[in-house]
Every structure is written in C-alpha cells, then in structure tokens.
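Q: Here is what each chain is made of, one letter per residue.
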Amino acid sequence: MHTAYYMEIKKINTPLTDEVVRNLKAGDGVSITGYIYTGRDAAHRRLIALLEEGKELPIEIKNQIIYYVGPAPAKPGYNCGSAGPTTSHRMDTYTPSLLDLGLKGMIGKGLRSKEVIESMIKNNAVYFAAIGGAAALIAKSIKDSQVVAYEELGPEAIHRYYVEYFPAIVCIDARGNNLYESEPPKYAK
Amino acid sequence: MREINSEQIKEKVKELFLKANYYIGEDVLNSIRKALNVEKSETGRYVLRMILKNYELSANEKLAICQDTGLAVLFIKLGQEVHIKGNWKEAINEGVKEAYIDGYLRKSAVTDPVFDRKNTKTNCPAIIYTDIVPGDRIELLVNPKGFGSENMSALAMMKPADGAEGIVDFIVETVRKAGPNPCPPTIIGVCVGGTADQACVLAKKAAMRKIGEHNPDPRYAKMEKDALERINKLGIGPAGLGGSTTSLWVSIDYVPTHIAGMPVAVNICCHADRHAHGVLYGNKKDKYSIN
Ligand code: SF4
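For the record, the sequence lines run as chains A and B.
FYI, this note's numbering numbers position 33 of the first sequence as 33, with every residue one higher than the one before it.
FYI, this note's numbering numbers position 155 of the second sequence as 155, with every residue one higher than the one before it.
Among the hints, erroneous ones may be present.
[To be verified] Listed next, the stretches of chain B that the computed footprint assigns to chain A, with coverage defined by at least 3 CB atoms under 8 Å from CB atoms of chain A:
(1) 177-188
(2) 214-221
(3) 239-245
(4) 256-269
No lab work stands behind these hints: they were computed from the structure.
All C-beta atoms, glycine included, are put in the ideal place defined by N, C-alpha and C.
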C-alpha cells in the first residue's frame, strides 16, 4: 500500500540478517514485516539492570528490532491503539549494550548520540525513522500485540508486535550515514 | 444570571477533548496539502502524504491522531454572570478523565515529576487557565499537548534593545535547535511581553491561532512572515528528514510589559496540532442563545 507514497520501498523481514542490514542505505524507504519488540525508557532501564547483574534478558535480542513506542489503548476490535514513535534519545545511554548483544535495528524518531552511532557501525545495526504523529496509520500495520515482559508498566511494558508492511525510513545506516545530518543542508538557503 | 451545572461542563469538556484528539483542523489540513505542492524533498513529500493519510484515518475511525494525546490544557472564558452549580474544577477534571478513558486515549500524566513519576491513570490533573469576562456563557478552548514539541519550547528574557530582529532571531534559533524532535512541520506560537509566566501561557494560546491569520498589527505581522520564511530556509523539513517545509505558521501575540524588559516565549506545536473550541450557554435557553 505504501508504494503509492514513495518511489521505492524495500520490503524487509525480521529477524534481520547482517546482509540485509548491510544493504540498507540512509534514505531508503522500507516496509517491515515480522515480529518486533517495543520498549521505552522504563523497560530499557530494567533490561540494562539485568545485564549488570549478569542475569538473562526476558527477550531474545539477537537480530531483533526494538520499536520505541508507548501506544494508546486499543479500541475494542482493534489490535493496537495509535502507535507512533517516541523520541529516541532517551534510550541512548542504554542502547550500545543492547547492540553489543546483537540488536540489529531500532525504530524511533529524532537524533541519536555519537556513542549509539559508533556502536551501530561496530555492530552492523540500523536506525529507522518512523513518522512521528502518523500514529493511527502505523497502528494499521500492527496485526498482533502481546505483552512479553514488565506487564506492570502498562503501555511501557515490552510488547511483541507482529507487523505487516510497517512503514519507515532508514535514517542512520550501518556505515553511519545519517539523514538528519546529510539532508537538511541540501534544502537550507 | 445564568445557571450552568457541573454536569454540562463535564460533558462539554469530554466532547471537546475527544474531538480534538480525533479530528485535525481544516486550517492545518489545507496548509499541509499546500505544502505538498511546494515541498522540494521527495522524502519530505512522502512524510506529508503519510501525515494527511493519518488525519483521514483518525477522523474516519475515531482513533487518536497521535498516541501522545498529551497533557490536558484548557483556556476558559468564564462569563461573570454565570453561576456554576456544583464543583467547577472537579467537573473539568471528570470530563478529561472520561474522555481519556472512554475515548481510548493514552494517559500520560505522572504525579511527582522528580521522584515517583507515577501515572495518575486519568490524565488528570488538567491545566486550567480561566479568564473572567463579561457575559453569561462559558467559552472553552481545549488543547491536548504532546511533549515531543512541548519539550522544545523556550523562554528568553530579552532586552528592549534587542528589538524585532532579536525576537525573530530567537524564534528561528529555537526551531533550529529543536531539529526533528517536535515532529515538523510545526506551528509556532510566540508571545512577547508581560512577565515570564504570562508570556509562556500566551505563547501556547498564540499557537492555536488559525493558520493564515496574521497579527492585526502590521509590524507584528511582518515579524511573523520574516520568522516563517527564515524557518523554512533551515532545511529541517518534514519529520526532520530534510526539506523546505519545517513550519506551517508563526503566530506572534503581544501584551504590555515592564519598562526594563521584553520577555519572549516560544511554544512549538507539532503537525498533530490538536485543539477544539466550544461554548456553553446553560439550561433550557440554549437553543435561543446560539443565534
Ligand atoms: S510531537 Fe506531536 S506528533 Fe510528535 S509524537 Fe509528540 S504529540 Fe505526536
């Protein structure tokens, strides 16, 4: 459905492979199908605390995508309420440890720290921008939503979504090319 | 004297918050459609089309335009001849609570901001600004305010000598620093004058002025035009991914201030620019009063 909005959309599936990640370039439009995990600050804080205690994580991180989102409640008959991205930089301090464990992709909005980008290059990972505010549209691509950890956090619990053709744009690729840096100067006068 | 009971206030507040969260204003819609024709970046146009599609979907299916359904802000003009039966503040908060629970809107309010940060689960307390005015009706302007954009707001206690140019520089700089975070294209509300607190409140209100309506004072209107032109030359673009549409509008209001100062507050609102307006006339006379 999204080809109508953009010249070229790459269809990708989760879990991601190193090869798929390597072939994604900043600026590519993508549509993602498969399972993805959600997490915001509170969930990240808990995951990192577990790592520091040397304990196992409640989810398998390797080759997965984490979506930074705190959705609205689902209406009856809906899989998920409106679910646009939240600001990613709040996750920055936690992200490199997860990338070291094999996390391959993140979906959010807004800038990332230097440390995150360096770790993405080191670990061959990609950062997708979802369109902030296009929350009802994005929710349409979420076909199933299950809480897999930290239920008590409500909308901030870790959910596992099954998504079909989730629309996003490769914002920072595994070589560190960054749309937030490269694009604005082209249109600045 | 007219009697308006708290139940009516609650119902109206609820109705307006639901409306604001599901339906975008015509002015924003038209402004984005126009931007689509002039946006230079292909990615930018893609983003704008997604935003338009999202408005359509939320309105058709009564879904929140954005999952961040914000803190509940209200600007109220309370007619001095109105007598309110029941508890005013409770009625407003009940209306907010019912809208957010029954309308499947996200509850984002937390209690103590530093230590507990516990979700109040009702999206209360509402933030209420009340102005007492002549007349016998209650006018409500509700504004669910998301924090991606609210976090990018700024206040400067400028010197009178900084003048119009200094103010425009500050507005442009605030938008530049915000980059992609407030979900561009944005709408910029500015208030110059008053005290620090008054400028901040009125900047938020200015952001709700209709797109296309300039300040009636041509000098302020010129500042609005200059600021918008310079902002759209920053290159930030839709979603911050580059382009020529960074803001849709700049509204600058002013209030009298002190001889020694010139406060300038800038409030940024994202493209999910949600507000709704309604009037309460009270009991049985409602029908007649509307005309
Ligand atoms: S800034 Fe606005 S559009 Fe963006 S996520 Fe927040 S409320 Fe939604």
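Q: Hint by hint, note whether the structure agrees.
A: Tested hints:
no. : hint    : in the structure
1   : 177-188 : holds (count 4)
2   : 214-221 : violated (count 0)
3   : 239-245 : holds (count 6)
4   : 256-269 : violated (count 0)
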